[in-house]
Structures are given as structure tokens and as C-alpha cells.
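Number of protein chains: 2
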Amino acid sequence: MIDHTHKVRIVEAYIAAFDKGDPSAAAELFAENAVVEDPVGTPVHHGKDAIRAFYANSMKTGAKLSLDAPVRGGANYAAFCFTVTLNYAGGDKRIEVIDTFAFDEAGKVTEMRAFWGPENMHGF
Amino acid sequence: MIDHTHKVRIVEAYIAAFDKGDPSAAAELFAENAVVEDPVGTPVHHGKDAIRAFYANSMKTGAKLSLDAPVRGGANYAAFCFTVTLNYAGGDKRIEVIDTFAFDEAGKVTEMRAFWGPENMHGF
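Residue numbers (the working numbering), protein chains in the order written: chain A, 410 to 533; chain B, 410 to 533.
Rather than coming from a laboratory, the hints here were simulated on the basis of the structure.
Do not rely on the hints blindly, as some may be mistaken.
Identical copies go unnamed one by one, so any copy, or any two together, can satisfy a pair.
With a cut-off of at most 25 Å between alpha-carbon atoms, the simulated SDA-like pairs for lysine to any residue come out as follows [claimed, not checked]:
1. 517 / 527
2. 502 / 478
3. 429 / 520
4. 473 / 484
5. 429 / 471
6. 502 / 477
7. 429 / 517
8. 502 / 515
9. 469 / 414
10. 457 / 500
11. 502 / 485
12. 502 / 441
13. 517 / 413
14. 502 / 484
15. 502 / 414
16. 517 / 528
17. 457 / 496
Just so we're clear, the structure is a prediction, and the values are computed from it rather than from any experiment.
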């Protein structure tokens, strides 16, 4: 069982990777065969290389993440509620998101799912 | 595709069911063969009868739910971040939770997963 302190540390490292604009730092949190589904219902990015490329693209928007509430745990899962701010087409935008992470026994993220839809996008 | 207004209405009806202490009102939001996994990593409650019994038990604690942030969408999903307050063993307790709902095309919830662990329980 992955302890809560580790989960929180990984979420903080994920947020810090966006702060630094460092897609490799984000990808390093994932297991080799991890899947990222962002937003839910869209095709997954499978494997660390695809995940790194996905984050490289996301970070081009200058997206920064801030937690709205404490990280939730449960078994080998974490879920966290946050707001993304970005500057796009000359204006400040905001997206409300909840991510879930599943962890393997080594503490790497094996699955990330991001819950957000058009109604969570503000200022676009 | 289930629209966001419907998702928010279902989340509000779910919260209202707790306010009223009405397990049938909560169970009615689910499809016949729905599964509830609360918290994640524990055996699921499968089918509307099992789900009603689960909520009857939960509501005995007098648990009330309040949203911490706006409901997140994405495809046929909703995710929401909330705090449960309850009075147990003579004291006020608080649990931080994130729930995810998957919807079928009729707008019923087919899967609920609740993310929370021991570190999200306060005052126990």
C-alpha cells in the first residue's frame, strides 16, 4: 500500500513540473506502461514517451496548477481538485479539473484520468 | 452525451438525498446494474438494492455533504470534491472526499467511485 505522504509528494511534484515547464519531470512520475486519459472519454496516451510528448504540448500554454482542496487518498489511489490558469490568445483563462492517479507498488503512477469538460473552461 | 446541467442536477440530488436522510432517493439516481466502490479499493456494491442498503447504512451517521468546488465534467462523467460532516460518538467529524460518477445514455449513474482514505478523516 502506497502511503498518503508519498501520494501528496507526487501530486506536489506534478504541480511543480508545470511551474517549471518541465515535461520530463512530469513524465518521470509515471510507470513505463502508464496511461493518461485527459480529458476522460478521449484516447489515452500510452507509455512514458507518449506521456512526455503530451505534457510538452500541454505546458506550451504556460498552464499552472493550484490545488483547490487537500489531496484525497484511498488504497493505491489519489484524487485532487485543482484549477489550471493559463494565458492564451492574449487573455487569462481558467479550467477546473479533478485528476485521479493510480499507483503501482513502486509508487509510480500507472493511470491518470482528468475530469473536465467545456463547462469547466472559463474566459475562453 | 449527457449534458453538464444534468450532471450537476444529479450531484445536487445526491447531496439532497443525504440532507433528507433518504437512501431510496440516492439509489434512484443509479442504473439497475450500477456499481458503487466507496472507498476505492474496497468490494463494490452491485445493483440498486445493494446500493440502497449501502446508503441506508451511510446515512445512519447523519452524514451531510457540501461541495468544495464546482462539479467537473468530461464525456459521460462527473467528478466532484466535497466534505462530509457527521456527528459520531459525541463529536463533530469531517471527511474529505472526491466522487466520480459515470452515466449511461439515460442519464443514470452506472458507476460511482469515492476517493478518500484515513488521512482524509478529521476529528475521529
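Q: Have a look at residue 457 and residue 496 and pick one of within, between, both or neither, based on CA distance no larger than 25 Å.
A: Answer is neither: 27 Å inside a copy and 45 Å across each miss the 25 Å cutoff.
**Q.** Intra- versus inter-subunit Cα pairing at 25 Å for residue 517 with residue 413
**A.** Close inside one copy (13 Å), not across copies (32 Å); limit 25 Å.
Q) Is the C-alpha distance from residue 469 to residue 414 at most 25 Å within one copy, between copies, in both cases, or in neither? A) Answer is neither; intra-copy 30 Å and inter-copy 31 Å both fail.
Q | Homomeric proximity label, residue 517 with residue 528: Cα distance no greater than 25 Å | A | For residue 517 and residue 528, only the inter-copy Cα distance (20 Å) is at most 25 Å; the intra-copy one is 31 Å.
Q: Up to 25 Å between alpha-carbons, please classify residue 517 paired with residue 527: within, between, both or neither.
A: between (30 Å within a copy, 21 Å between copies)
**Q.** Homo-oligomer pair classification [residue 515, residue 502; C-alpha up to 25 Å]
**A.** Neither, since 36 Å and 33 Å both go past 25 Å.
Q) Between copies, within a copy, both or neither: which fits residue 502 and residue 485 at Cα up to 25 Å? A) between (33 Å within a copy, 24 Å between copies)
(Q) Regarding residue 429 and residue 517, is the shortest C-alpha distance of 25 Å or less found within a copy, between copies, in both, or in neither? (A) Classified as within: same-chain Cα gap 20 Å, cross-chain 41 Å, threshold 25 Å.
Q: If the cutoff is 25 Å on CA atoms, where do residue 457 and residue 500 land: within, between, both or neither? Let me know, please.
A: neither (32 Å within a copy, 47 Å between copies)
Q: Check residue 473 against residue 484 for me: Cα-Cα at most 25 Å, and say if that holds within a copy, between copies, both or neither.
A: between (28 Å within a copy, 24 Å between copies)
Q | Within, between, both or neither: residue 502, residue 484 at alpha-carbon 25 Å | A | between (34 Å within a copy, 21 Å between copies)
Q.
At most 25 Å between alpha carbons: which applies to residue 429 and residue 520, within, between, both or neither?
A. within (23 Å within a copy, 36 Å between copies)
The structure fails hints 8, 9, 10, 12, 17 (numbered hints given earlier, in ascending order).
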